[in-house]
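**Q** Go ahead and model the full structure; you've got the sequences and the hints to work with.
Here the protein sequences line up with chains A and B, keeping their order. Sequential numbering from 1 applies to the first sequence in the working numbering. Sequential numbering from 1001 applies to the second sequence in the working numbering.
No lab work stands behind these hints: they were computed from the structure. Keep in mind that the hints are not guaranteed to be accurate.
[As the list claims (entries may be wrong)] Capping the alpha-carbon separation at 25 Å, the derived lysine to any residue pairs in SDA-like fashion look like this:
(1) A:Lys122 / A:Ile138
(2) A:Lys232 / A:His321
(3) A:Lys261 / B:Gln1101
(4) A:Lys124 / A:Trp275
(5) A:Lys276 / B:Val1086
(6) B:Lys1087 / A:Arg189
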Amino acid sequence: MAESRVPHSNLPPPASTVGVVGWLRRNLFSSPLNVILTLLAVYLLFVALPPLLRWAFLDASWDGDNRDACRPGGACWVFIRVHFDQFMYGFYPDGQRWRVNAAVLLLILGAAPLFVRAVSSKFKIRLGLGLLIAYPLIAFILLKGGMTGLPVVDTSQWGGLLLTLVIAGVGMTAALPLGVLLALGRRSRLPAIQTLCVTFIELWRGVPLITVLFMSSVMLPLFLPAGMNFDKLLRALIGVTLFQAAYMAEVVRGGLQAIPKGQFEAAAALGLGYWKTMGLIVLPQALKLVIPGIVNTFIALFKDTSLVLIIGLFDLMNIVHNATTNPAWLGFSTEGYIFAAVVYWLFCFGMSRYSQNLEKHLHTGHKR
Amino acid sequence: MTEPAVSPTLKPLSDHVMILIEAVHKWYGVFHVLKDINLTVRKGERIVVCGPSGSGKSTTIRCINRLEEYQRGRIVVDGQELSNDVKQIERIRREVGMVFQHFNLFPHLTVLENCTLGPVWVRKLPRRQAEEIAMRYLERVRIPEQAGKYPGQLSGGQQQRVAIARSLCMNPKIMLFDEPTSALDPEMIKEVLDTMVALAEDGMTMICVTHEMGFAKTVAHRVIFMDGGEIIEEKPPEEFFTHPESDRTRLFLSQILHH
Ligand SMILES: Nc1ncnc2c1ncn2[C@@H]1O[C@H](COP(=O)(O)OP(=O)(O)O)[C@@H](O)[C@H]1O
Ligand SMILES: [Mg+2]
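**A** See below:
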């Protein structure tokens, strides 16, 4: 046949590979085993979900101010309602709690531009660094008081979510730079620095956090001169920070190792020195690579703050636990722990989502 | 082999010695990789280095900006001798641009930022001025329109041209090229070679490791043949290609010209 060749037009893909049907096929019913697993999962949800929903919502009691307001058989959210302020602020004095709110509000307002796409990254970096330095100071003065005419609130009165956020916030912001320095030190060509960093990392990674906290509160005072009192919260902060810095160092080192030698050479060939090479070329790439690992460590840190209950600090976890042992409210530990779990989950999930956004935002073209 | 479009005129060279390599030896462990390398490069001179793989070509030119250490001999770059002094090394590196086989652009920075990094952080120029310089060189390598893109979004040939522009932004006295076209697809080799020829026409002092013999013929003052860590032959290109002295050179040329 002597037909001239007509270009083939683009056809739509088969209906079974796109849309809802295609998705179901690919993800839920792609093989006999998957069909069985899917059906099993549906059955389990069918069995477990309705009673749970009934307990948590339909039969639950929400209003009231004592335990008599609670119907049996449903969740007693009254317990949470009554203790809510305590869960948030711990034993921070009632009339002073606006200071905590002010500190949180300040952080939210200060950090808000960091999350706006339209703001230039140069401004973001400056703002971020500024916040990193200035905010802890301002927040400390605000929360602790004493200097600006505000009444002093001793750190032993800080508690609840406030304390959890203080420990996690300080731990994260201090552990990351410290971890970066340790990672750089571990790869240093100077044997003294390398040995020091390796020893530090291996020592701290080798012991459980609970031991670190315990030693900081029980053993440290034995070594300090008599009468010298070291703030308990400060000791916990130092313990958590150094412990997490050791983990962070290894995460960052993984990123450093993934940077090709050519990057160091190109930087050297331009005449950049060690710190500029690290700060401008290597770390920006290495840290971006290990965002998932960093966030993983942050999330672990956030949850590990609950271990401070071992040294008698009343973080969110401990204060919830404390409320469940209150004789007037015995028998509501399920509600208490569910509440704590939801709060922890919200923060950790938030961090996770933010990091995924960040990764997408920092992605610069396809990899080669 | 891709013949560059134009041939630069060979101007008379000044007597100013830009690079002096004297009796340099280097070992990797017990492996004697450079054996008594001697080379003098005058201002504006263009040297092409060729030789079989593993003969020490890269190692030699990487010694000039101290990406590699050497154990014996000395190297003087524009009157400054390389030593173990880090500041001295950094001073020399500022004056020596280097282009790598695999480009080694900074993937997290845009093309423009790649080019301004050195001027801003090493030469301490104000950012505005650095950007003007960068745009000028990006125009020289004919990709000013890519300034805002990231290296990962460019073709190999474009990336290598950015790498050349990045080096030029430091206003170097010497340019070193280590097989700049070996990692490129054939259709991109010409655009990079043309850029290098243009650079040669401006009188840049260049040492170029390459197997592009067309480039050597049109641009080089001297061609150096290395094998087994030694300089075997050193001749102007006309002589080098028509009357090679050693058997090893002849063998190499026959392999590279009729593959
Ligand atoms: N870091 C290194 N350690 C040990 N041997 C090396 C190293 N780098 C290169 N070599 C060896 O040195 C020799 C010269 O290498 P190179 O200068 O890269 O050769 P060319 O560039 O001529 O192909 C080769 O035999 C190579 O295997
Ligand atoms: Mg080589």
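**Q** Can you name, in rising order, the numbers of the hints this structure does not satisfy?
**A** none
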